[in-house]
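Starting from the known structure of chain A, arrange chain B on it as the hints suggest.
Here the protein sequences line up with chains A and B, keeping their order. Residue numbering for the first sequence follows the working numbering, starting at 231 and increasing by one per position. Residue numbering for the second sequence follows the working numbering, starting at 231 and increasing by one per position.
Hints listed in this document are in silico derivations from the structure and should not be mistaken for laboratory results. Be aware that a few hints might be false.
For chains that are exact copies, the list does not tell them apart, and a pair is met inside one copy or across any two.
[Unchecked claim] Below, a list of computed lysine-lysine pairs in the PhoX-like style, where the Cα atoms sit at most 25 angstroms apart:
1. LYS274 - LYS287
2. LYS260 - LYS383
3. LYS346 - LYS436
4. LYS383 - LYS274
5. LYS287 - LYS417
2 protein chains.
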Amino acid sequence: MKQKLSVVKIGGNLIEDPEGFEHVLDLFSKMDGNKILVHGGGNKTTEMSQKMGIEPKMINGRRITDADTLDIAIMIYGGLVSKKIVAQLQALGTDAIGMSGADANAIRAHKRPVIKVDFGLVGDVDSVNAYGIFKLLQAGFTPIFCALTHDGKGQLLNTNADTIAAEIAISMSDQFDTTLYYCFEKKGVLQDVEDENSVIHHIDSKGYDELLAYGIISDGMLPKMHNCFHALKNNVSRVCVGNSSMLEAGNPEYTTLTL
Amino acid sequence: MKQKLSVVKIGGNLIEDPEGFEHVLDLFSKMDGNKILVHGGGNKTTEMSQKMGIEPKMINGRRITDADTLDIAIMIYGGLVSKKIVAQLQALGTDAIGMSGADANAIRAHKRPVIKVDFGLVGDVDSVNAYGIFKLLQAGFTPIFCALTHDGKGQLLNTNADTIAAEIAISMSDQFDTTLYYCFEKKGVLQDVEDENSVIHHIDSKGYDELLAYGIISDGMLPKMHNCFHALKNNVSRVCVGNSSMLEAGNPEYTTLTL
Numbered sequence: 231m232k233q234k235l236s237v238v239k240i241g242g243n244l245i246e247d248p249e250g251f252e253h254v255l256d257l258f259s260k261m262d263g264n265k266i267l268v269h270g271g272g273n274k275t276t277e278m279s280q281k282m283g284i285e286p287k288m289i290n291g292r293r294i295t296d297a298d299t300l301d302i303a304i305m306i307y308g309g310l311v312s313k314k315i316v317a318q319l320q321a322l323g324t325d326a327i328g329m330s331g332a333d334a335n336a337i338r339a340h341k342r343p344v345i346k347v348d349f350g351l352v353g354d355v356d357s358v359n360a361y362g363i364f365k366l367l368q369a370g371f372t373p374i375f376c377a378l379t380h381d382g383k384g385q386l387l388n389t390n391a392d393t394i395a396a397e398i399a400i401s402m403s404d405q406f407d408t409t410l411y412y413c414f415e416k417k418g419v420l421q422d423v424e425d426e427n428s429v430i431h432h433i434d435s436k437g438y439d440e441l442l443a444y445g446i447i448s449d450g451m452l453p454k455m456h457n458c459f460h461a462l463k464n465n466v467s468r469v470c471v472g473n474s475s476m477l478e479a480g481n482p483e484y485t486t487l488t489l
Numbered sequence: 231m232k233q234k235l236s237v238v239k240i241g242g243n244l245i246e247d248p249e250g251f252e253h254v255l256d257l258f259s260k261m262d263g264n265k266i267l268v269h270g271g272g273n274k275t276t277e278m279s280q281k282m283g284i285e286p287k288m289i290n291g292r293r294i295t296d297a298d299t300l301d302i303a304i305m306i307y308g309g310l311v312s313k314k315i316v317a318q319l320q321a322l323g324t325d326a327i328g329m330s331g332a333d334a335n336a337i338r339a340h341k342r343p344v345i346k347v348d349f350g351l352v353g354d355v356d357s358v359n360a361y362g363i364f365k366l367l368q369a370g371f372t373p374i375f376c377a378l379t380h381d382g383k384g385q386l387l388n389t390n391a392d393t394i395a396a397e398i399a400i401s402m403s404d405q406f407d408t409t410l411y412y413c414f415e416k417k418g419v420l421q422d423v424e425d426e427n428s429v430i431h432h433i434d435s436k437g438y439d440e441l442l443a444y445g446i447i448s449d450g451m452l453p454k455m456h457n458c459f460h461a462l463k464n465n466v467s468r469v470c471v472g473n474s475s476m477l478e479a480g481n482p483e484y485t486t487l488t489l
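Isolated chain A (complex conformation) (with noise of 0.2 angstroms):
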C-alpha cells in the first residue's frame, strides 16, 4: 500500500491576516504524515513594488512580470514569507525547508511563449523533480514551496502557486496516496454563492459536468475546479477545497473532489 502525502496550498490572503496564518500553520504542523506546503505571496509584492516606486506593468488588465518585478517575487515569495513560515513550522516541531523551483531541482519550468502577450518572466511547468522531493521526505523534512521555478539555464520565473501544488501533487502520486488542498477563504465550493453554509460537500466527474450544465460554479471558482479536475485525471487520489479548518481533524464543512 502507497504511503499518504497531503500536498497543501494556502492562498495569500492568509498570509495577510497574522492571526490566521498562525492558525493554519499550526493545523498544517499537526497533520500526519507527509507533507508538503505551497504558498502565494499575498499583496506584499504590490506594496514592495509601490515602497520601491515600481509601476506594475499590465497588458489588457494581465500583469507583467518583468526583471524588477520578479525581483521583488524573489524577495518576497523566496525569501521573506518562505524563511517566516519555515521559522514558524520549526518552533511548531515540523522540520521544514523552504524552497523555489531551483532548489533541489525541484520544478523545470520554461517561459511562456509569446502568443499575443508577452508575460515576461512567468513560467510553465516542463517536470516536477519527484525524486529529489522523494528524498527530503524520506530524510524527514517538509517542504514549503514558494511560486517560483527556474529553466535549468539559471533563469528564475513566477509560476502560479496553484498550478505548481497541482502538479508537485500529480508527479508525486507514482510513489503516494496523495491528496491535494487548497485552502481559501470559502468553506469550500457553494451550492449558491451569496450563502456560506450551501458547501457541496462531495463532487464527482459526474456531478462536476452537471454543476457546469446549470451554471452552479462561479467564475472565480472555474480555473481552480479545472485545476481540480487536472490533478484527478493524473492520478492524485483526491483533491479537497475549503477554508483551512478542512486541515482540522474531525472537520466535514469542505468538498472533496474524486474521478
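The following block gives chain B in isolation, referenced to the frame of chain A:
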C-alpha cells in the same frame, strides 16, 4: 577514513561584481566531494533600505538590526541572493538548496544579550544541526547558507556569515575531514599589506603567535584569523584564506592555516 567536506564562505563584495560572482560559482560547482556554501548579502541591503526609506540604525558606529532591517536581510540574503545562487548552481550541475539557519533547523541561536549596546535581532550561535545537514549531503544536495539563524521559537536572527561558516565547519568535523575556505578580495594573509604578492603560504599556531607579536597581521584580518584558529582548535582540519582562485585546482597562491 573520513569523507572530505569543503565549507566555502564567499564575501559580500564578490556578490556585487556579476562576472566575479559567476566565476566563483563556476569554481565552486567544479569542486569535488561534499560541499557547503555560505554567503553574505553585499551592499544590496543598504541599497534596498535606502530605496524603502529606512534609515540604518547605528549606535557607536555599530549597525543595529531592528525589525525592518531584519526583514530586508531576509528578503535579500534569504531570498534574492540565495535563490539566484541556487538557480545559477543548478545550471552548472550542482544540486543546490538555499537555506537559512531555520531551514532543516540547521542553526539555532539566541538574541545577543544586551550589555552596553542592544544590537537588536542579532543572533549568537548556540548549535548547528550536523545530522540535518549530513542528511542533505548524503542525499546528494549542496546546502547554500545565508547569514540568518533562528531561535527555535519562530524568530529569525541576523548572524555574521564568517561565524556561520566556522560553526558549520566545526560541527561537521566529527563526521568529515573538513576544510574551511574564506574567500575575500585579497590573495591571502600578506607579509606586507601593500604587496599583493607577499602571500604567506602556511601559518600554524606558532607562526600565528609570531605574526601577532611582530604586528604583521592587520587590524582588518584579526577577527578573521581569530575565527580561523577557533575552527582549527575545534577539529576543522585546515582553513584556507584567499581570493576566489584559491578554489581552482592547482592554484597555490593562498594561505593555509593549520594548528
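State the violated hints by number, sorted upward, taking the hints as numbered earlier in the document. 3, 5
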